[in-house]
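2 protein chains.
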Amino acid sequence: MSSHSVLQSEVDRLRLQLQTLQVEQGVQNISIGNYLLERLAQLGVTSMFGVPGDFNLGFLDLVEDHSKIEWVGNCNELNAAYAADGYARVKEHSIGVVTTTFGVGELSATNGIAGAFSEMVPVLHIVGTPSTVQQKAKPILHHTLGDGRYEAYRLAAAQFSIFQANLADKNTAAALIDHALTECIKLARPVYVTLPMDMVTQEISSERLKIPLSRSHPLNDHDTEKFVIDLIAERVKEAEGDVVVIVDACVIRHDVRKEVLDLLKETGFPVYATPMGKTAINEDHERYGGIYIGTVTHPDIKKKVEQAKLIISIGGLQSDFNTGNFSYKIPTLRHIELHSTHTKVQYATFAGVEMKQLLPKLGEALKSLHPLVRKFEVPLFVKALPKEDTPVISQLWFWPRLSYFFKPKDVIVTETGTSNFGILEVPLPPGSVLVSQILWGSIGWSVGSCLGAALAARDVGLNRVILFVGDGSLQLTVQEISPMIRLGLKPIIFVLNNSGYTIEKFIHGKKRKYNNIANWKWTELLNVFSEDDKPHKSYTVRTKDELSSLLDDKAFASGDKIQLVEVVMEPLDAPRALKVQTELSAKSDPYKERR
Amino acid sequence: MSSHSVLQSEVDRLRLQLQTLQVEQGVQNISIGNYLLERLAQLGVTSMFGVPGDFNLGFLDLVEDHSKIEWVGNCNELNAAYAADGYARVKEHSIGVVTTTFGVGELSATNGIAGAFSEMVPVLHIVGTPSTVQQKAKPILHHTLGDGRYEAYRLAAAQFSIFQANLADKNTAAALIDHALTECIKLARPVYVTLPMDMVTQEISSERLKIPLSRSHPLNDHDTEKFVIDLIAERVKEAEGDVVVIVDACVIRHDVRKEVLDLLKETGFPVYATPMGKTAINEDHERYGGIYIGTVTHPDIKKKVEQAKLIISIGGLQSDFNTGNFSYKIPTLRHIELHSTHTKVQYATFAGVEMKQLLPKLGEALKSLHPLVRKFEVPLFVKALPKEDTPVISQLWFWPRLSYFFKPKDVIVTETGTSNFGILEVPLPPGSVLVSQILWGSIGWSVGSCLGAALAARDVGLNRVILFVGDGSLQLTVQEISPMIRLGLKPIIFVLNNSGYTIEKFIHGKKRKYNNIANWKWTELLNVFSEDDKPHKSYTVRTKDELSSLLDDKAFASGDKIQLVEVVMEPLDAPRALKVQTELSAKSDPYKERR
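Chain order of the listed sequences is A and B.
Here full-length UniProt numbering is used: the first residue of the first sequence is 1, the next is one more, and so on.
Here full-length UniProt numbering is used: the first residue of the second sequence is 1, the next is one more, and so on.
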């Protein structure tokens, strides 16, 4: 981001603050509900997820009548929250929005919102509530706890959102909406807004809408930032160009893809990604070497990363599954970390020096090292199909085979479980977007997320949307395929049918009944959900040849209708990365003797 | 409950307290996980609901190996919580148990647990969590918020449970389990227990298991109770026998059905029920007059209740939908209320005088009035099929027609929406159990609840389980039909297909698109979920004749397999009670002008 645009943002923010303090004397010409919708439209929101409920119906009138925002009726609120999450992940610079009703609706969404918090996804949760009069009198309305604790839901929501606002006062409603949305886009975390029924159509001034919301962080302190840049430049020089960059989750979440790409161009640094950073940089980038996950890393890549004299982590998020169970072998003395809130150089932390402003200056300061850096080669991360003699579709073969099927700008959604690990083994085409939930890891998330991702992909001109989900996970959220069909979306859904919760089996209880599930007739699903015989097609593949023929079929690959492929796999097969990961976890499994 | 058994309970409770204070020096011969399971078995728990997750797998080993408790793998956690709720409602004196995993699992269950809190249903929520070591070190594990706030989920759960216990210390684990379960059964509200992975197999003494848990309330203060009895007797005498009793939700929830029945026998009081009290007293009881819902009440019944000189409410819960939008016409001067925590006589509140102990003494004190009371007749609440000339299946005809289909000891589960209101219009056979969620009113609840109810019904020897659910509601939780099939349960599921959220349409937005839903191929559902071709059958009925023929079919009525009946109804038809209710609510609808 240029310093000019940072300054412009700062000016806008100050003007809004000023407006908040001034008594509003302008014309009261927009309803609070529509003010909120206009702000969302300004942020590029085109779809709103959720479920109707009697406390939000008046607001939904406004949504349905809005020219730019489409109401997506989800089948349930958890799925709606997942969809908002998926939408926000794919539609960068926008946010996901989910609207629910008081109590019953909002609480069903809790896990989805908490996941967005954990994974840093900007989601706005709007809850229609009883009127301001009822909020004061606290009658035993339906959807209440029966004991007058109207604040209970907000107290729960406060655990999983960075800001909560109750729009109960028309004098502060606009400022609260603006603040909530600014926090949401700036910090990439959920915010929670309650809209009492009687406030929806109350009119306020629309003056503030003329000033756009600012997403930029406060300016880095000039002197500290300069000190940090000099320090990093010194470390890089000492490393004699033997430097690697690791891109991680927050490169995507805190919107520094472009800045990172510029840095790589100027410096020539080799770059690797973590599981959560996969596709932050195109995987065909000439200096890209693959995925680093500590001990779970392929040996060649591991050596390249860990033996570099200096490692610069950008947007790092060191969770267990993102680091091979905390098995990074990167000594602090050789490590620099750039974050959205601070910078770390070796043992020193520099608070308030954030990466979005730092990165361009760093590129400038380091570009003279380019020739030195380029001497260090990067083994490219390329696809390769292993040879196997059996017809069985193994995990080892499946993912590389799929890598030949993917096209540029595909959106690939992978479920927690074998899919999240399998996809790490293969490179994805340029411009493709990987959507996965590695930190939160809530099974079933990918189905709702796929719906949101597909709507966002349509908005921003991405290619096909391809979902990989296990049979166990799909059972949690299966109904969300219905809105996909209703809305004419055309994802290709691969259902990995391995008869149960395979990832759990690898963690514990391989032969336990509780890890098995009912075997549904998967290829009948689309038919059940399809309305007015909208086009759809389903397939079952049991062998490598069957799968290959299908993938090579042009009609199938074109993705011109919603399609579901049941891929029959062995219950106790798993991707390499998952096996290594669970072996690492097993070392600390307190039930080990019972496995 | 006899005073002897109250005393015995008191003795047991004191012995447990004593054990808690004594240093445990006995043999360490049972694991904490199994201690918990033994306590559940003592409470008659035979089914445990939930979803496996890596933090609970070790505990699930113990569940799977337990001889008396069966693991019910649900499709998702919200459905599991609903199932636990349904189980507890039907299996009186036992509790519902749902086991989930840290974060992702437990938060998905939030709405189900909050519903059990609101409606006073005893549910234990067991959450498998990271080990005690990890709880101290707080690493960024999967399923965490990424910021070390391991306590966040407990803080949210505290809003919706009456007690929270973390079993992190083997010295206190047994006492905490006992306390949690005692609170759960005594107060009929959810409790929340977290079980760290490393504590599951830690051994403790089993000594405490010899002492049963006590469910009784502390003894009423003798003098206050006597004063209250005398006062009530005086009021009854003044009323010259013109007294009616209204039974409500807490008669069922706080386990005083038998006491109420004895009171009615001794006194001869006419008795009416609220929506939430329906089936608390058999509806063929000779002194039973039907349902009282304030202004929503049928005029004849309304007069009988409101013109009585004295009205005794037992276990009252005055929520909006349970009182015809707070339209009781019962002056405080003519009103006596018996509750589980206190008694109210006119304007006076008597704290600590609870109904379970009070009722038998009240019956004794009032029985001499029997002949006087019997002079007042009660118009019986009988079934009658209205004549309609059209073939269309109307709400007005449907419910009375179904009343001829119901049999003694049937369990009837009704969904929030048209079903909850429709069922009020007809009497149910003796020994039948109505399961509905009128206060919390979470759509989709009935499907999970039906699963739990069916398992409980099997345990306690009830008859068929019959579910009424709208097409809109069923879409939220549809997958929970799958475990019903897997477990060989045989509910009859009536899907009222009225093309959307009809109750919402009556509240607001009759012609709004957001109240419409996709029209699924309902009769294909069972087939998709059925494994190994377990027997099942589905039907669509579009006319009165079609439905009547089906209901009269002996094979269908025998309920020997799971069956689904799609009942096609008009989108804008609703039961009388729902229409009146929504007209009442509409008077305070802030969006009125937009309807």
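Quick caveat, the hints were computed from the structure, so don't treat them as lab data.
Hints are supplied without guarantee of correctness; some may be wrong.
EDC-like cross-link-like pairs, simulated, lysine to aspartate or glutamate; straight-line CA separation at most 20 Å [claimed, not checked]:
{"no.": "1", "chain 1": "A", "residue 1": "Lys-513", "chain 2": "B", "residue 2": "Asp-61"}
{"no.": "2", "chain 1": "B", "residue 1": "Lys-513", "chain 2": "A", "residue 2": "Asp-65"}
{"no.": "3", "chain 1": "B", "residue 1": "Lys-587", "chain 2": "A", "residue 2": "Asp-61"}
{"no.": "4", "chain 1": "B", "residue 1": "Lys-409", "chain 2": "B", "residue 2": "Glu-92"}
{"no.": "5", "chain 1": "A", "residue 1": "Lys-510", "chain 2": "B", "residue 2": "Asp-61"}
{"no.": "6", "chain 1": "B", "residue 1": "Lys-534", "chain 2": "A", "residue 2": "Asp-532"}
{"no.": "7", "chain 1": "B", "residue 1": "Lys-513", "chain 2": "A", "residue 2": "Asp-61"}
{"no.": "8", "chain 1": "A", "residue 1": "Lys-186", "chain 2": "B", "residue 2": "Asp-65"}
{"no.": "9", "chain 1": "A", "residue 1": "Lys-302", "chain 2": "A", "residue 2": "Asp-242"}
{"no.": "10", "chain 1": "B", "residue 1": "Lys-344", "chain 2": "A", "residue 2": "Glu-240"}
{"no.": "11", "chain 1": "A", "residue 1": "Lys-587", "chain 2": "B", "residue 2": "Asp-198"}
{"no.": "12", "chain 1": "A", "residue 1": "Lys-513", "chain 2": "B", "residue 2": "Glu-64"}
{"no.": "13", "chain 1": "A", "residue 1": "Lys-511", "chain 2": "B", "residue 2": "Glu-70"}
{"no.": "14", "chain 1": "B", "residue 1": "Lys-537", "chain 2": "A", "residue 2": "Glu-524"}
{"no.": "15", "chain 1": "A", "residue 1": "Lys-511", "chain 2": "B", "residue 2": "Asp-61"}
{"no.": "16", "chain 1": "B", "residue 1": "Lys-513", "chain 2": "A", "residue 2": "Glu-64"}
{"no.": "17", "chain 1": "A", "residue 1": "Lys-513", "chain 2": "B", "residue 2": "Asp-532"}
{"no.": "18", "chain 1": "B", "residue 1": "Lys-521", "chain 2": "A", "residue 2": "Asp-65"}
{"no.": "19", "chain 1": "A", "residue 1": "Lys-521", "chain 2": "B", "residue 2": "Asp-533"}
{"no.": "20", "chain 1": "A", "residue 1": "Lys-521", "chain 2": "B", "residue 2": "Asp-532"}
{"no.": "21", "chain 1": "B", "residue 1": "Lys-513", "chain 2": "A", "residue 2": "Glu-70"}
{"no.": "22", "chain 1": "B", "residue 1": "Lys-521", "chain 2": "A", "residue 2": "Asp-533"}
{"no.": "23", "chain 1": "B", "residue 1": "Lys-186", "chain 2": "A", "residue 2": "Glu-151"}
{"no.": "24", "chain 1": "B", "residue 1": "Lys-513", "chain 2": "A", "residue 2": "Asp-532"}
{"no.": "25", "chain 1": "A", "residue 1": "Lys-511", "chain 2": "B", "residue 2": "Glu-234"}
{"no.": "26", "chain 1": "B", "residue 1": "Lys-375", "chain 2": "B", "residue 2": "Glu-238"}
{"no.": "27", "chain 1": "B", "residue 1": "Lys-511", "chain 2": "A", "residue 2": "Glu-240"}
{"no.": "28", "chain 1": "A", "residue 1": "Lys-513", "chain 2": "B", "residue 2": "Asp-12"}
{"no.": "29", "chain 1": "B", "residue 1": "Lys-344", "chain 2": "B", "residue 2": "Glu-524"}
{"no.": "30", "chain 1": "B", "residue 1": "Lys-513", "chain 2": "A", "residue 2": "Glu-531"}
{"no.": "31", "chain 1": "A", "residue 1": "Lys-511", "chain 2": "B", "residue 2": "Asp-147"}
{"no.": "32", "chain 1": "A", "residue 1": "Lys-534", "chain 2": "B", "residue 2": "Glu-524"}
{"no.": "33", "chain 1": "A", "residue 1": "Lys-510", "chain 2": "B", "residue 2": "Glu-238"}
{"no.": "34", "chain 1": "A", "residue 1": "Lys-510", "chain 2": "B", "residue 2": "Glu-70"}
{"no.": "35", "chain 1": "A", "residue 1": "Lys-375", "chain 2": "A", "residue 2": "Glu-240"}
{"no.": "36", "chain 1": "A", "residue 1": "Lys-521", "chain 2": "B", "residue 2": "Glu-524"}
{"no.": "37", "chain 1": "A", "residue 1": "Lys-513", "chain 2": "B", "residue 2": "Glu-531"}
{"no.": "38", "chain 1": "B", "residue 1": "Lys-511", "chain 2": "A", "residue 2": "Asp-242"}
Results for each hint:
1. A:Lys-513 / B:Asp-61: holds, 9 Å
2. B:Lys-513 / A:Asp-65: holds, 10 Å
3. B:Lys-587 / A:Asp-61: holds, 19 Å
4. B:Lys-409 / B:Glu-92: holds, 14 Å
5. A:Lys-510 / B:Asp-61: holds, 11 Å
6. B:Lys-534 / A:Asp-532: violated, 29 Å
7. B:Lys-513 / A:Asp-61: holds, 9 Å
8. A:Lys-186 / B:Asp-65: Violated, at roughly 50 Å.
9. A:Lys-302 / A:Asp-242: Roughly 15 Å between the alpha carbons, so the hint for Lys-302 (chain A) and Asp-242 (chain A) holds.
10. B:Lys-344 / A:Glu-240: violated, 85 Å
11. A:Lys-587 / B:Asp-198: holds, 13 Å
12. A:Lys-513 / B:Glu-64: holds, 8 Å
13. A:Lys-511 / B:Glu-70: Within the cut-off at roughly 17 Å; holds.
14. B:Lys-537 / A:Glu-524: holds, 16 Å
15. A:Lys-511 / B:Asp-61: Measuring from Cα to Cα gives roughly 10 Å; hence the hint holds.
16. B:Lys-513 / A:Glu-64: At roughly 8 Å apart (the allowed maximum being 20 Å), Glu-64 (chain A) and Lys-513 (chain B) satisfy the hint.
17. A:Lys-513 / B:Asp-532: The given pair, whose Cα atoms are some 17 Å apart, holds under the 20 Å limit.
18. B:Lys-521 / A:Asp-65: violated, 30 Å
19. A:Lys-521 / B:Asp-533: Distance ~10 Å between Lys-521 (chain A) and Asp-533 (chain B) Cα, so the pair holds.
20. A:Lys-521 / B:Asp-532: holds, 10 Å
21. B:Lys-513 / A:Glu-70: holds, 11 Å
22. B:Lys-521 / A:Asp-533: holds, 10 Å
23. B:Lys-186 / A:Glu-151: violated, 26 Å
24. B:Lys-513 / A:Asp-532: holds, 17 Å
25. A:Lys-511 / B:Glu-234: Violated: Lys-511 (chain A) and Glu-234 (chain B) sit about 68 Å apart, past 20 Å.
26. B:Lys-375 / B:Glu-238: Holds, at about 15 Å.
27. B:Lys-511 / A:Glu-240: Distance ~71 Å between Lys-511 (chain B) and Glu-240 (chain A) Cα, so the pair is violated.
28. A:Lys-513 / B:Asp-12: Violated, at roughly 38 Å.
29. B:Lys-344 / B:Glu-524: Violated, because 53 Å separates the two Cα atoms, which is more than 20 Å.
30. B:Lys-513 / A:Glu-531: holds, 16 Å
31. A:Lys-511 / B:Asp-147: violated, 35 Å
32. A:Lys-534 / B:Glu-524: OK: Lys-534 (chain A) and Glu-524 (chain B) at ~16 Å, within 20 Å.
33. A:Lys-510 / B:Glu-238: Distance of about 72 Å is beyond 20 Å: violated.
34. A:Lys-510 / B:Glu-70: With a Cα-Cα distance of about 19 Å, the restraint between Lys-510 (chain A) and Glu-70 (chain B) holds, given a limit of 20 Å.
35. A:Lys-375 / A:Glu-240: With a Cα-Cα distance of about 10 Å, the restraint between Lys-375 (chain A) and Glu-240 (chain A) holds, given a limit of 20 Å.
36. A:Lys-521 / B:Glu-524: Judged against 20 Å, a Cα distance of about 11 Å means the pair holds.
37. A:Lys-513 / B:Glu-531: holds, 16 Å
38. B:Lys-511 / A:Asp-242: violated, 67 Å
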